[in-house]
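Protein chains: 2
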Amino acid sequence: MSQPYDRVFNFSAGPCTLPVEVLEEAKEDLLNYKGAGMSVMEMSHRSKPFEKILAEAEADLRTLLGIPESYKVLFLQGGASLQFSMAPWNFLGAGQTADYVVTGAWGEKAVEAAAMVGSVKVAYDGKAGNYNQAPDFSSIPLSDNPAYVHFTSNETIQGVEFLSDPAIAPPLVCDMSSDILSRPVDISKYAMIYAGAQKNMGPAGATVVILSDDFMAKSPAKMHPILDYKLHAKNSSMYNTPPCWTIYMCGLVYKYLLKKGGVAASQRRNTEKANTIYQAIDSSDGFYKGHAVCGSRSIMNVTFTLPSEELTSAFVKEAEGRKLDGLKGHRSVGGIRASIYNAFPLEGCQVLAEFMGQFAAKNG
Amino acid sequence: MSQPYDRVFNFSAGPCTLPVEVLEEAKEDLLNYKGAGMSVMEMSHRSKPFEKILAEAEADLRTLLGIPESYKVLFLQGGASLQFSMAPWNFLGAGQTADYVVTGAWGEKAVEAAAMVGSVKVAYDGKAGNYNQAPDFSSIPLSDNPAYVHFTSNETIQGVEFLSDPAIAPPLVCDMSSDILSRPVDISKYAMIYAGAQKNMGPAGATVVILSDDFMAKSPAKMHPILDYKLHAKNSSMYNTPPCWTIYMCGLVYKYLLKKGGVAASQRRNTEKANTIYQAIDSSDGFYKGHAVCGSRSIMNVTFTLPSEELTSAFVKEAEGRKLDGLKGHRSVGGIRASIYNAFPLEGCQVLAEFMGQFAAKNG
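In the order they appear, the protein sequences are chains C and Y. Just so we're aligned, residue 1 is where the first sequence starts under the working numbering, counting upward by one. Just so we're aligned, residue 1001 is where the second sequence starts under the working numbering, counting upward by one.
Derived from the structure by calculation, the hints contain no laboratory data. Treat the hints with care, since some could be wrong.
[As the list claims (entries may be wrong)] Not the full set, but computed from the structure, chain C residues with beta-carbon under 8 Å of chain Y: (1) Tyr5; (2) Thr17; (3) Leu23; (4) Ala26; (5) Lys27; (6) Gln96; (7) Thr97; (8) Ala204; (9) Gly205; (10) Ile226; (11) Cys244; (12) Glu320; (13) Gly321; (14) Gln358; (15) Ala361; (16) Lys362.
C-beta: ideal position from N, C-alpha, C; glycine also.
Whole structure, please, built from the sequences with the hints as guidance.
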């Protein structure tokens, strides 16, 4: 089965597949963006065309996620990894404790960075079960009056996802890097959401931060400029030169998603895509074993193991021959990881599921 | 005079003009990079093709600048603005003082960030002269044994540049954002150089840090992970997902510069370009007044004023009609700023100089 431009099905965990028509538009305008006489890569961030690109990207993201006016939307640099430090720097004061819910590798990294800033309580840690589930939030014992509660809505390595928005009283901070825009979200339940661009939004190099005005007001008056959410907000993400091209690409993806029916339609497509692969796991008579428990299965990263390392290697190799690329799982879980973010096509999941059936029949 | 793809002469201070043939190559490979079946924007940073892109970018930059093996080369995010904080965080310990040489607006910002970390001495401040010169380094009174001495080799707003490498005993840290690769540099005179990509290297979104092993060893053992040069170096710029597309574009620019004869040839081209405009200033019988004093005139940003604001506005407007774009100066200096980084063509400087002569003759 041949894809346009002889492209492969790219199951990479991120950076990852972008919509073909978005790439086509970027290519079309690459040397001269809509008559501006230059590429978006060459454009002053203070120019009218780029100011419009940034404003439209923000407006479209607000529409997609229903972001209230009382929230700021920022496009920053440094990835989620910088947010691991920036969030506690801004919001974990002396004498306070922040609670962390850890369901995988990225949550662990967030704890590591926050613990260098202040007092951290790990309110939930799924490590004993090798991070195979997203717990019921209401069952997690939280601190009295924590500065905030942090969690990772989707863990890419383990393929474990919270499929709905937790409802808790303390300010909720969420690393939504790998499932933002994959489903509708009730923003009002969150004090802050951050997300690296390189899964569901665009190329690597930008981080979206969605931040309630009330929460932002708790940040100290005097902060290091580049690490100060208030300063970035005051300057509409232009305190320093923003990653213009990445923001432009995110903006094209937002317009594409709006045209495709918004995040409710994303959720339907993503659920169908994930179920196609999960069904191949569940109907394999135990040849494939899913890593995440049912109810915590990610619709973004489907993780499963095979009976042996030899079979896993053979699976990855044969899959590559069918242009199914990037399926090798992370070493901490082993097996296979099929990352199927928003822009990944259903067809690729069907080809994988069919191959899984054939491979199990031959080797089971 | 018509340019390919109906492009304008883009005098923007950054982001700014990139070489047309670099943009053409990026366009050609946009949907399928050299048979990988995907765009560089969609590629795992752990994939073989991207590892090769990163390794070649580093190797080519080392060749261009003659960077010794005893220096690390890092590709980070956050712009020079993050380096304003990262440098003192890593190298300005308790009980130490760092000296700052301030020749313009970016130096001021570097001081502001460093002063939040530790003790800073402004060893030179050109503010009284509205930052119109780069002083003789040997005349600057430095602290006894400073942690480092920081300066900005080219100030984009004022158009003031150090045209050779200072030779001092203490560790020298340089913000080379706007003139890196514009001329040969003796790296061994520096402990650390940092530079945002968006002037002479590529699109906005990456920062190159060149750091001597000896200097890096002075960084504290325990640092915030994302702000720790040692950790980034240990992980070869892949501690977290790097800005892959921006690095790719920088890599294409490095190959282009090598093909064009390296940085010695850059310097010859840039000097000729700048002189073309400075001559138009100096032969205008005082109609145009250069901001920087002779000997400190930048070969990257040529700044000058006209007799009145009305004439300045008329100049900018008429220039735009001739496809000379982005000439309006920064409000702190006023007048005109012609930013003519590496990729800006000589032809554009000639067109501007010709226009300057005509405009002065008509309005002088």
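Hints not upheld, ascending by number: Per hint list: 6, 7, 12, 13, 14, 15 and 16 violated.
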